[in-house]
Structures are given as C-alpha cells and as structure tokens.
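J.: Keeping their order, the protein sequence lines are chains B and E. Going by our numbering, the first residue of the first sequence is number 1, and it counts up by one from there. Going by our numbering, the first residue of the second sequence is number 1, and it counts up by one from there.
Each hint should be verified, as a subset may be incorrect.
Below are the SDA-like pairs computed for lysine to any residue, each with C-alpha atoms no more than 20 Å apart in a straight line [as the list claims (entries may be wrong)]:
hint, chain 1, residue 1, chain 2, residue 2
1, E, Lys395, E, Leu258
2, B, Lys340, B, Lys356
3, E, Lys339, B, Asp379
4, E, Lys339, B, Ala138
Here are a few chain E residues that face chain B, going by a calculated C-beta distance under 10 Å [unchecked claim]:
hint, residue
5, Cys82
6, Tyr200
7, Leu209
8, Asp233
9, Tyr323
10, Arg327
11, Tyr342
Calculated directly from the structure, the hints in this document are not laboratory data. Quick caveat, the model's predicted, so the values are computed rather than measured. Beta carbons are placed, not taken as given, at the ideal position from N, Cα and C, and that holds for glycine.
So the chains spell out like this:
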Amino acid sequence: MEFETVIGLEVHVQLSTNSKMFCNASAAYGGEPNEYIDPVTLGLPGALPVANKRAVEFAIMLGLATNSEIRRFNRFARKHYFYPDLPKGYQISQFDEPICERGSVEFYMGETKRTIGLKRIHMEEDAGKNIHDSRTQASLVDLNRAGVPLLEVVSEPELRSPAEAAAYLRSVRQLVRYLGVSDGNMEEGSLRCDANISLRPVGQLKFGTRTEIKNLNSFKFVERALEYEVARQMALLKNGQEITQETLLFDSVSGTTRPMRSKEESADYRYFPDPDLPPVVVEESWVREVESTLPKLPSKWIHDLVSEYGLSLYDATVLTGEKAAVEFFNEVVAACSNAKAACNWVTSELFGSLNKEGLEIEKSPISAKALGELISMVDSDALSGKMAKSVFEEMFSTGKDAATVVAEKGLKQISDDDSILAIIKREFDANPKQLAGYLGGNERLHGFFVGQVMKATEGAANPKKVNDLIKQEAERRKG
Amino acid sequence: MSDLASLSVSEIRSGLDAKKFSCAELTKACLDKAERLSSLNCFTLLTPEHALKEAYAIDALIKQGKSAPLLGVPVGIKDVICTEGVRTTAASKILGNFVPPYDATVVRRLKTAGAVSIGKLNMDEFAMGSSNENSAFGPVKNPWNPEYVPGGSSGGSAAAVAARICPITLGTDTGGSIRQPAAFCGIVGLKPTYGRVSRYGVIAYASSLDQVGGFAHNVKDCALVTQAICGEDPNDATSAKRAVPDFTKALGRDIKGLRIGIPKEYFVSGLSPEVSEATRKAISVLEGLGATTVEVSLPHTDVAVSVYYILAPAEASSNLSRYDGIRYGHRAEGQLDLKSIYSKSRSEGFGKEVQRRILVGTYVLSAGYFDAFYVKAQKVRSLIVKDFTDAFASKCDLIVAPTTPTPPFKLGEKSSDPIQMYLNDIFTIPVNLAGLPGMVVPCGMSPSGLPIGLQLIGRPWDEETLFSVASAYEGATEWHKKAPALAA
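Produce the complete structure using the sequences and hints provided.
T.: Printed below as a string of structure tokens:
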C-alpha cells in the first residue's frame, strides 16, 4: 500500500519589538540573566499587563501578508500551568478568538507553486528559561525572555513531505524578515517549530493518527525529524500496527524521536478571558494604515522578476531569499538596465564574495549603483568580461567605484580596430606554422590566435572585435 | 490638646497650616493610639520609622508654605496594596516577608497628595472574607464591641478609622469589602465605579470586581481621599480614560427632586428588623430633604451570590497561581521535587478559605465544567447589569438599600458555615458584578449598640450623586458623630 504524508506546522515567531508583550521591560535577546525584568515580568503581586500596540501591529502585518482575515475584537486568554519559567502560573495567549484566521503562505517547490492554508495566527507571550547548573545541582530561572511577544502561526495539515515542510518554514521565515516583525533567527530561538505528522493510504480522505514533534529548532532538524518519523510510522503501518497519538521530542544526536513524559502533555489549561486586559479593537482604518506600510512581498517580487525582467523562476527565487538582496538587485538594474546581467553579477560574483567574507548584503563594499555602473561598462564595450571581474574584485576589496578602479589600473578595453588589427598581424607573423594551419582550414587554431591576442593585451582587447578581426585578416590573407 | 488622632482631615489641614501642631506630633499621636489599641489587631505592620521620616519632611514643606489636599494627613493602607520597601502580605502566610520593590498607583497618588502612611492594615487573607477572621495575623475586633467582627475583608481599614487611630484609610471592595465593614464599624466608605481607580499594585483577588476605595469619619473626608486616588493609569488597562470631577463640589448640593430607587428584592425575609427599620428611617430622612422615592425591581438579586461565587473564585484561582514558592514568598522546606515545592508551599501558605476558593475556581474553569459554570455565570452577570441599567434608565437617579442583612455578628458565629458567611454579602455583591459605585454612611445603631450602615448605589461614574446624597443625609443626622467608647 502507498502512503501519503500529512504534515502541519505550528511556528512560533518571536517579535522584534523594543519592549515585551505586556510591559515596558526590554525584549532584547541575551543580556545578563534576569536583566530585562520588571514587576510585570516577575509576576509580582499587584502587577498588571498592558498590551503592546506595536506587537498587535506586527500581528496585523503578518495577517495582511498572508491574506488572513483580521479579527476586529481581540481578546486575550489565560492558559494555566505551573512551571518555574512561567512567573504568573499562566501564559497570556489567545484561545478561541485568534487575531488572524484563514490565511495562506505561498512558496515554490522547484517549478511548482504551493499554497498552504493557515488555520490561525495568534498573539501570546513567551516563557522564560530554566537552566540546570550541574556544578551546584541547582535549577536556575532566567526571565529575560519571559513576556517577549510571540506570534503562533498554525498551518493546515497540507504539507506533503518533510522537504515541503522545511520549504514552508523557510518561507514563513522569509516573510517575517521581509516584514521586519522578527529576525527569524532559529539559533537564538526567534523562530521555533512544532510539527504534527501522520500517514494515510493514498486516496483516503480521513487523516491517520498523528504524532507531534516538539521544539524543532533548525531547518535541518525539521526535515530530519520528519523523515525519521515518516519512516517510523510507515514501518509500523506496513506491519499492521497502530500509531499511538503522542508528543515526541527529536534527539538530534541519534536522529530519532522519543516520547515526552506523558505528564507533560496531558494538561487542562483552563483557558478563560484575561480580566486584566480589555479587548484590543482593530478598526478597519488601523488595518489600512498598517497595510500602507507593508513592503513588497516575496511572491510579488518573484512574479515581477519573471514576467517583467524575464528572469528564470530559479533566479527569481534565489534573488528574493532576502528582502535586502532583491532590493539591491533592483537598484543594480535601475543603474544598468540589464536585468539578466545584474542577476548574474549579484547571484554569482556578489553573493560569492559576500559569502566568502561572511558579510550580509547590507554591508556590501560595492554599492548597487557602483555594480550597475560596472555592468554598464561591460555593456558599452568599455570593459571585457574578464577585466570586469578583476575590477569587481578590486571594488570589493577597496570599496572604490568602477571608474576609479579602471582609471587607476589603466584598464581600458582596447576596442579600436586599428590597434587590435596591428596586434593580430603581429601574432600571425610571429606564428607562421599555426597561421598556415589556420588558413588551411583548421578552425581550432582560431581560438589559438584569440588567446594570443588576449595574452598580448593582458585581456584588455574587446574579445568580440578580436574574434571578428582575426577572421577578417585571415580572409584577407587567403584571398 | 485634644486627641490629635481623632481629628478629621479638615481639622488636620487647618491645624497644620495654623501651626497648632506639627505633622510629626500628629503622626506620633496616631502611632501611639495604634499601639494603645493594639488589642483590636487593626494592623499587620506599623511603620513608625518610615512615617516619622516622612512627617519631618512634610513639616519642612509646611514651613515653606506648601499645601496639598492631604498634606500631612496620616493614613493606613490595607495590606493587599503594595508599598515600596514596606512588607506587604495580603494577610497571607504565602507572601512571607515579601517587600514590594514598587508602590501601587494609589499609594503613589496618596504620597503625591501629601499623606503619611503609618502602616499596613489587617484584612481577610487575599481579601477573601466578610468578617476578618481569615487573616494569618488573627482576627480584627470591632471597636464598638471586641466580641464582634468588624466586617471584612477590609476589617482593619474600617476598625482603624472607627477607633479614631487615623482619619482615613484605603481598602478594597470585591463583593462588599469596603461597604460591609464600613457599615459594621459605623463609618463612611466608598467603592468607586469599576475602572475609576487603578488596580496597579493592588494584589488581585478577582480582577473584574476588585476596586480600591477609602474609609473616613465623614463624607467630606471620604471625598478627599477618593479624589486623591482616582484617575486613569497607563499601568492598568482596565482603568478608565475619564476625567475625574471635583467630588467636594458635590457636597452640600440640594437633593430636592432626586429620585431614589428602593429595590424591593432587598427588603425580604432574611433582612433583620433592626436593619430594615434603620434603613426605612434613613429613607424618610432623605424624603424629608426633598428626594422622592420609588420602588424598583432588581429581579436577579437572588442569584447574585451564586454568580459571584463562581466568577470571583475562577479569577482568584488564576490570580493566585503566581504564588508558587519560586520567586518570592513562602517556600516549603526540605529537598523537594518541583511538584512538591508547589503543592507543599501552597498548602502551607494559603489559609483554608483561600484554598476553598482556589479549588472552586479551578473546578469551574476545568474542561467539561467551564460552560456550565463560568460561561453561564457571565451570562447571568450581564442580566444583573441589565437590572441596574433598567432601573437607572427610567426610574431613579440612585438606589438606596441596606448594606447587610444583619448588624455585626460575633467572632466565630459564622466562621464554621461558609454559606451563611457568603450570604452576608447578598446586598453588596450585585454592585460589584455591575461595576457600580457604592457608598455606605452610618444610619443607626442596633439595640446591642452596634452600627448599621446605609448603602447608596449610583449610576456608573456618578459618585457625585452619592456624595451629594450622603452629605445631605449626614447634615440631617448625628450618626457620623458617634464613636466607640475606646476611641476616646
């Protein structure tokens, strides 16, 4: 029997607001333990939460970017459980009335566009961290993270493979980074993921029994954990065994999943509306105001790059990985009007050099305008492609613009016919044997002479002209 | 010199300004009286050092000619309200020696107005109770007769004012915890409209019902302390963005033609004859002052106590989750695993009544019971709100009613029967459920010499009418002048 994989993801996105979800303490990452705390974060007696307007705005932004329905009256609910990293004994979250519902996320698997439905996006606060100090055998609590705003993005169970789940997660990350609502940093926990997974016979509508894998904190782990779980469930089902509905943890060292202690999952959270927080009313005018601040999103960029600039879907996908990259590319095009060349330069030379130096594109030593100018020089035959590459390297290491580098190095392309012809004649005369062969019809020797001329000019000769003039001179000599 | 501790706010202000006595002398007099009457057990903590330091600073300000509404006026703060650097316990063992690093907004506002806090007032643990017998610090005694309860939960706040230890105190009222002790102690008390006063720094019992208010010997002093604490607070999302009127301007206003609603459901069997008679006499006085009376119906009165004892414990069970022994307060001793730290610390730290309400609240919020209890109670709550809205919409400008079914009861009399205890709040609870302002003024004495209080219930945000009617009534009667013998 063939089985179909059914996956749904719950992604926690930590928002990059200055202050926490319900108080003025800093929401920064890191810090000395318990540096970013105040009476509200500590859950001191008498402390009260006040909702962070910016965090609500971020939720509206992600809602708009995913075509979600935005709820007008938003209530916060308390979710109760005891744990030392949860100071109040409850987490303020949203329960049956999330701020966003019925949205979707688009991405490409190769050439195929996938649209994955979103059940909901809701606002909540993060918990702190428990740290076990093995030296003193003590459990320590750091509440810096407690109260940092989160959005929980819950997909429909529409993902059909571990690779697709990872691609979906990447596109959620891409989206929140475009919007500037989160840095999406999985290592720092700004993006965290739980995965629900089940198998069912192909053609069957009813879902199979699912398991949930908690706390997947890298793209690689999401894929590996799901692959392991697919194989595990498949083996059980093929053996005629049943899947137990349970919550699992992924052990990245062994590459396997194992059940969490059942105690940790069977909880009655006793949700009820938080009486300290009046409903947050999201007026239509507020939504429109937020909408006007949205940047151009990846799906729109990809569409434009393919249909207006004639780029391949692959190139468009590579360029739109980061908002800063596609915006850089767009500026390059504005400066040189050659989208394909701009794409090549940005995705190969620039990305390669940035990668080698470990730099973000925002820190590129070559500005978009300067790169555009360099491309224009090639397009106007002022520089050969080969020369341009060495100019690029110089620009990258010095930050100088193309014209300056060209002038300093005297790297002007030789394009006038007379100069090039003079060199060709010289090379013909210096290599009589090869010339005889070439004139006798050995076309391979054409390349030999091109090489000789380029060598003689240290690559400065316009290759197209060299090509043409060699043929012209050969014809003359034959005739 | 007469007993400084017995002076009203106006007498204190004019005495200080005229340099008849200093703030330090006054503060010492109040502290001394508190010591002398320590058997009443009004305070969980007296703070003479803090108080005198502040008093000396205020004397310096007065010398410079500074003035403020409560400048130099000694106050007491219910121990459920956080005071920076001063132990705050909610009269519970679970808070241990908790010292807040911050002042509640109401405390900050009292300080800004110039008041001097002499200490923290005893109460029912976490403000849960109607007799002040549920305190980890022991019960408060009624100054009129120490065999009787002062009411609760703000028993210390009421008793300290009645015993003339200080002129004004702060209390909180979730189901009657200001009004019932004010009635039992023969003083004035006001629970403002929900949202009028910030709850920031007030240890939560039931967040949708809790409200801070003041106790005083007379209506004017009550207006002054209320004025000082009201107003929007950015730290409390439930505090209202509304301008606060000048309450003293409402004092002495003519009440002629005001329509007073008398809720028929409040005058039923179970209301003791002495309370009934005192209330009816008070109503006649108001009629004599030109007010008209009309019978109104609040048909859901009989289910208010049930609704309250679902919603308040539900919120309490959640609000009290933070007392887990991890970050502050009491933690059970010994090498314990996490679950035992929670269960032992909480079992040891919370008193019996608090545990009862946590259990009830946890139950009504549990899966499978939530709709039948919590959701249903919220629906009935909205019917109770509507009862008042309807009455105020067409029939009356305020409602006058008894505060409690009976005069004060004896210590121990009801403590073994929680239902009897809960029913004592039958006339005060609906006001909290509807979020209305409620005021109590003394209106009589029982045959055994214990006070009876009249309850005035206003439209939302209309504390002014309550002050007008209360001051008119006070002007026509002598009850507010009576003080317990031991206060002399």
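J.: Take the shortest C-beta to C-beta distance between Asp233(E) and chain B; is it under 10 Å?
T.: At about 9 Å, which falls below the 10 Å cut-off, the nearest Cβ of chain B leaves the hint on Asp233(E) intact, so it holds.
J.: Against chain B, with CB atoms and a cut of 10 Å, does the hint on Cys82(E) hold up?
T.: Since chain B brings a Cβ to about 5 Å from Cys82(E), closer than 10 Å, the hint holds.
J.: Hinted pair, alpha-carbon criterion (20 Å max): Lys340(B), Lys356(B). Please report holds or violated.
T.: violated, 23 Å
J.: Is it true that the CA of Lys395(E) sits at most 20 Å from the CA of Leu258(E)?
T.: It holds: about 11 Å lies between the C-alpha atoms, which stays within 20 Å.
J.: Taking only the CA atoms, is the gap from Lys339(E) to Asp379(B) under or equal to 20 Å?
T.: It is violated: about 73 Å lies between the C-alpha atoms, which goes past 20 Å.
J.: Quick one, is the Arg327(E) hint okay against chain B at 10 Å, beta carbons?
T.: holds, 6 Å
J.: Taking 10 Å as the limit, does the beta-carbon of Tyr323(E) come near enough to a beta-carbon in chain B?
T.: Tyr323(E) check passes; min Cβ-Cβ to chain B is 8 Å, inside 10 Å.
J.: Does Tyr342(E) pass the interface hint, meaning its C-beta sits closer than 10 Å to a C-beta of chain B?
T.: holds, 5 Å
J.: Would the hint on Tyr200(E) stand, with a C-beta cut-off of 10 Å toward chain B?
T.: holds, 5 Å
J.: Holds or violated: Leu209(E) as interface residue toward chain B, Cβ cutoff 10 Å?
T.: Check passed: Cβ of Leu209(E) comes within 9 Å of chain B, closer than 10 Å.
J.: Given the proposed pairing of Lys339(E) with Ala138(B), does the C-alpha separation stay at or below 20 Å?
T.: This hinted pair holds, its Cα atoms lying about 16 Å apart.
Hints 2 and 3, counting from the list given before, are not met by this structure.
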